[in-house]
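Peer 1: Residue-level listing of the chains:
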Amino acid sequence: MGKFVAGKFLQYVIVIILMVTLNFLLPRVMPGNPLVFLAGEDVGFMSSAEKEAILEKHGLNDSIVQQYGTYLKNIFTGEFGFSYQQKRPIIELLKERLPWTILLSGLGLVLSTIIGVLFGTISAWKRGTKTDVNLLTMFMFLSAMPSFWVGMILVSVFSVQLGWLPVFGAESAWSNLKGMDRFIDIVKHLILPLTTLVLISVTSTFMIMRYSMLNVLGEDYIMIAKAKGVKEKVIRYKHAMRNALLPVATVFMLSLGFTLGGATVIETVFAYPGVGRLMFESVLSRDYPLIQATFLIITFSVVIANFLADLIYPFLDPKVGRHNG
Amino acid sequence: MDKQKWKHYWRVLSSNKLGLFGVSLLVIFLCIALFAPFIAPFDPTERVGSPFMKPNGVFLLGTNDIGQDIFSELLYGTRVSLLIGVIAALISIILGCLIGVIAGYFSGKVDSFLMRLVDLVLVIPFLPLMILLAAFIGPSFWNIVLVISLISWASPARVIRSQVLTLKTKGYVEAARSIGTGVGAILTRHILPGVIPIALSQFVLAASHSILIEASLSFLGLGDPFTKSWGTILYYAQARGAFITDAWIWWVLPPGLLITTLVISFAFTGYSLEEILNPRLRKEQ
Chain L
1 MGKFVAGKFL
11 QYVIVIILMV
21 TLNFLLPRVM
31 PGNPLVFLAG
41 EDVGFMSSAE
51 KEAILEKHGL
61 NDSIVQQYGT
71 YLKNIFTGEF
81 GFSYQQKRPI
91 IELLKERLPW
101 TILLSGLGLV
111 LSTIIGVLFG
121 TISAWKRGTK
131 TDVNLLTMFM
141 FLSAMPSFWV
151 GMILVSVFSV
161 QLGWLPVFGA
171 ESAWSNLKGM
181 DRFIDIVKHL
191 ILPLTTLVLI
201 SVTSTFMIMR
211 YSMLNVLGED
221 YIMIAKAKGV
231 KEKVIRYKHA
241 MRNALLPVAT
251 VFMLSLGFTL
261 GGATVIETVF
271 AYPGVGRLMF
281 ESVLSRDYPL
291 IQATFLIITF
301 SVVIANFLAD
311 LIYPFLDPKV
321 GRHNG
Chain V
1 MDKQKWKHYW
11 RVLSSNKLGL
21 FGVSLLVIFL
31 CIALFAPFIA
41 PFDPTERVGS
51 PFMKPNGVFL
61 LGTNDIGQDI
71 FSELLYGTRV
81 SLLIGVIAAL
91 ISIILGCLIG
101 VIAGYFSGKV
111 DSFLMRLVDL
121 VLVIPFLPLM
131 ILLAAFIGPS
141 FWNIVLVISL
151 ISWASPARVI
161 RSQVLTLKTK
171 GYVEAARSIG
181 TGVGAILTRH
191 ILPGVIPIAL
201 SQFVLAASHS
211 ILIEASLSFL
221 GLGDPFTKSW
231 GTILYYAQAR
241 GAFITDAWIW
251 WVLPPGLLIT
261 TLVISFAFTG
271 YSLEEILNPR
281 LRKEQ
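Chains as they are written, first to last, in full-length UniProt numbering: chain L, 1 to 325; chain V, 1 to 285.
Source of the hints: derived by calculation from the structure; they are not laboratory data.
Treat the hints loosely; a few may be bogus.
The calculated lysine to any residue pairs, modelled on SDA-like cross-linking and capped at a C-alpha distance of 20 Å, are [unchecked claim]: (1) L/Lys-3 / V/Lys-17; (2) L/Lys-8 / V/Asp-111; (3) V/Lys-109 / L/Gln-11; (4) V/Lys-17 / L/Gln-11.
Distance ranges between label pairs, derived from CB positions [unchecked claim]: (5) L/Glu-232 / V/Phe-52: 25 to 35 Å; (6) V/Phe-113 / L/Leu-55: 37 to 47 Å; (7) V/Leu-192 / L/Phe-141: 30 to 40 Å; (8) V/Asp-65 / L/Phe-45: 50 to 60 Å; (9) V/Ile-249 / L/Leu-107: 29 to 39 Å; (10) V/Thr-261 / L/Leu-107: 38 to 48 Å; (11) L/Gly-169 / V/Phe-106: 33 to 43 Å; (12) L/Ser-63 / V/Phe-106: 33 to 43 Å; (13) L/Asp-132 / V/Ser-112: 34 to 44 Å; (14) L/Leu-111 / V/Ala-185: 49 to 59 Å; (15) V/Ala-185 / L/Ser-63: 24 to 34 Å; (16) V/Lys-54 / L/Lys-238: 25 to 35 Å; (17) V/Ser-112 / L/Leu-55: 54 to 64 Å; (18) L/Leu-111 / V/Leu-20: 45 to 55 Å.
So these bits of chain L aren't anywhere near chain V, every CB distance computed over 12 Å [what the hints assert, rightly or not]: (19) Lys-8; (20) Ile-14; (21) Pro-27; (22) Glu-50; (23) Pro-99; (24) Trp-149; (25) Val-167; (26) Asn-306.
Computed from a predicted model, the values in this text were never measured in an experiment.
Virtual Cβ for every residue (Gly too), placed ideally from N, Cα, C.
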């Protein structure tokens with residue numbers, strides 16, 4: 001097991017190094033003035049002394065190797081630089097936005113896994129029947145819809161036409177709600193973005209669960225349980241479902257990146273103040289250091305979550321523990 | 001492939017309702033894309049009406065914020081969405097085939113290195129990476145295609161590799177190797193033909209993913225500003241607040257429905273192809 005975890009760890013370290021390096025190189029190798037990428041479009045109006053000061057500050061006069069060293073040091077000490085559009089240190093912005101993204105995508109991941117597993121189990125159990133075909137068709141359509149469009153339609157119907165839920169944001173502005181009232185306000189704002197995220201990410205779990213359940217249902221011990229006259233519900237949920245859950249754990253990890261990416265688009269539609277929305281804002285204002293920092297934070301989150309899932313996986317699957325132990 | 005085989009495929013396809021439905025839809029979309037100038041009532045780039053008009057006899061789906069006909073925009077948008085999807089999928093499948101075949105055939109160190117690379121690519125959150133790249137290299141048709149295909153080759157590569165692993169142990173491949181056939185000849189004459197069916201179904205599935213990704217990128221304002229895709233139309237609808245007015249019914253709903261229909265028709269075609277080309281799967285179902 002130790003070896004397995006070490007291998008995974010090395011792989012994630014490589015991902016992080018590659019992405020950090022890509023981030024370092026992008027503003028330096030892309031055609032155009034690197035100054036624009038580092039300090040914004042205002043560079044055109046600066047005097048040469050001011051430009052020189054920026055070059056000096058970012059160490060652009062140093063050798064490329066030295067620059068890379070400084071860059072690495074800054075990233076790992078949380079020194080992401082300064083957002084020239086929002087006129088604030090980037091790390092502050094990230095600290096403000098990250099909790100909302102974790103709330104939205106964390107809940108989204110948990111809910112879509114639970115829903116996918118339940119429907120996958122039902123679909124496999126009723127294989128070939130109308131229920132199965134209907135569920136399959138429904139989930140295929142769900143996965144074909146653009147996430148942002150689902151969000152726009154939900155807002156149009158539930159917020160604007162019916163007036164049931166707030167249109168945008170994570171909580172009401174300037175309301176000074178406290179305690180329980182604030183909690184309810186936050187939940188109300190969360191319902192639509194969360195629904196959208198679950199709708200678009202539930203299909204992969206459903207498909208894997210259905211497939212894995214079909215395989216398990218063909219096993220001998222299920223036949224034996226049936227022959228012994230064990231109740232159908234007990235076979236379905238205790239014998240079959242628990243064993244079919246393993247592949248879902250793998251998909252859970254792979255969908256982390258998808259969910260966080262999906263959250264980027266959904267946060268944009270609902271003006272939800274998470275990291276994804278921050279990335280969109282920075283793209284709109286061409287705030288390059290901020291684009292890079294949001295990308296790195298999302299990548300770090302995905303990698304850390306993946307690694308945590310890898311640590312937990314052996315406890316779910318006795319086979320992994322034995323083979324690598 | 002000989003005539004007999006194609007006849008057989010056609011028989012299976014026509015008995016496969018899902019696949020037939022998918023292929024028919026694709027043909028319709030292709031016709032719309034090809035004949036857009038003849039079907040569209042207006043030039044989508046011209047201001048032909050006043051802004052924010054409701055649907056009427058002249059403008060079937062009303063006009064947008066600068067008075068362009070939304071219906072014509074949609075028809076022309078088919079071209080962009082379809083073209084980006086197909087080209088991006090084509091490039092990622094070619095890359096995927098190349099890497100999958102090399103990894104599968106040469107096994108050992110090359111294989112484990114390439115598969116590690118695939119694992120790496122699959123971990124990276126692809127949409128944020130695409131946003132980053134698109135923001136730096138600038139929005140244009142070819143940049144979008146490039147960015148999508150650079151990320152999407154990984155999972156086809158894995159599928160193709162496992163196909164090559166089975167092909168490699170087939171009698172005719174071993175026979176060819178034992179009489180001293182060169183590696184190049186084995187790959188092109190014996191391995192590649194066996195890979196093509198799987199690559200075809202992977203291509204169709206990749207196209208459906210690429211269309212969705214293109215829509216997301218365009219929606220975030222990273223699409224080509226000169227060629228409006230369905231995603232770009234939705235970007236403007238969002239930016240002008242169409243979804244908080246009645247305009248959502250004719251400005252927001254139709255482009256999304258078109259994207260969904262195009263994606264689902266590619267997906268249906270892909271799954272059916274998989275079923276047709278993989279007899280084992282067919283027997284099971």
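Peer 1: Please go over all the hints and tell whether each is borne out by the structure.
Peer 2: These are the hints, each one checked on the structure:
1. L/Lys-3 / V/Lys-17: Status violated; Cα separation ~49 Å.
2. L/Lys-8 / V/Asp-111: 17 Å, holds
3. V/Lys-109 / L/Gln-11: 16 Å, holds
4. V/Lys-17 / L/Gln-11: 44 Å, violated
5. L/Glu-232 / V/Phe-52: 25 to 35 Å: Check failed, 58 Å falls outside 25 to 35 Å.
6. V/Phe-113 / L/Leu-55: 37 to 47 Å: Holds, at about 39 Å.
7. V/Leu-192 / L/Phe-141: 30 to 40 Å: With Cβ atoms ~35 Å apart, the hint holds.
8. V/Asp-65 / L/Phe-45: 50 to 60 Å: 31 Å, violated
9. V/Ile-249 / L/Leu-107: 29 to 39 Å: 31 Å, holds
10. V/Thr-261 / L/Leu-107: 38 to 48 Å: 30 Å, violated
11. L/Gly-169 / V/Phe-106: 33 to 43 Å: For L/Gly-169 and V/Phe-106 the Cβ distance comes to about 54 Å; the hint is violated.
12. L/Ser-63 / V/Phe-106: 33 to 43 Å: Given about 39 Å between the Cβ atoms, the range holds.
13. L/Asp-132 / V/Ser-112: 34 to 44 Å: 39 Å, holds
14. L/Leu-111 / V/Ala-185: 49 to 59 Å: Holds, at about 54 Å.
15. V/Ala-185 / L/Ser-63: 24 to 34 Å: 49 Å, violated
16. V/Lys-54 / L/Lys-238: 25 to 35 Å: 58 Å, violated
17. V/Ser-112 / L/Leu-55: 54 to 64 Å: 43 Å, violated
18. L/Leu-111 / V/Leu-20: 45 to 55 Å: 36 Å, violated
19. Lys-8: Label violated. Min Cβ-Cβ 9 Å, cutoff 12 Å.
20. Ile-14: 6 Å, violated
21. Pro-27: 7 Å, violated
22. Glu-50: 24 Å, holds
23. Pro-99: 18 Å, holds
24. Trp-149: 3 Å, violated
25. Val-167: Per Cβ check, L/Val-167 is inside 12 Å of chain V; nearest 6 Å; violated.
26. Asn-306: Non-interface label on L/Asn-306 violated, nearest chain V Cβ at 6 Å vs cutoff 12 Å.
Against the hints set out earlier in the document, violations occur for numbers 1, 4, 5, 8, 10, 11, 15, 16, 17, 18, 19, 20, 21, 24, 25, 26.
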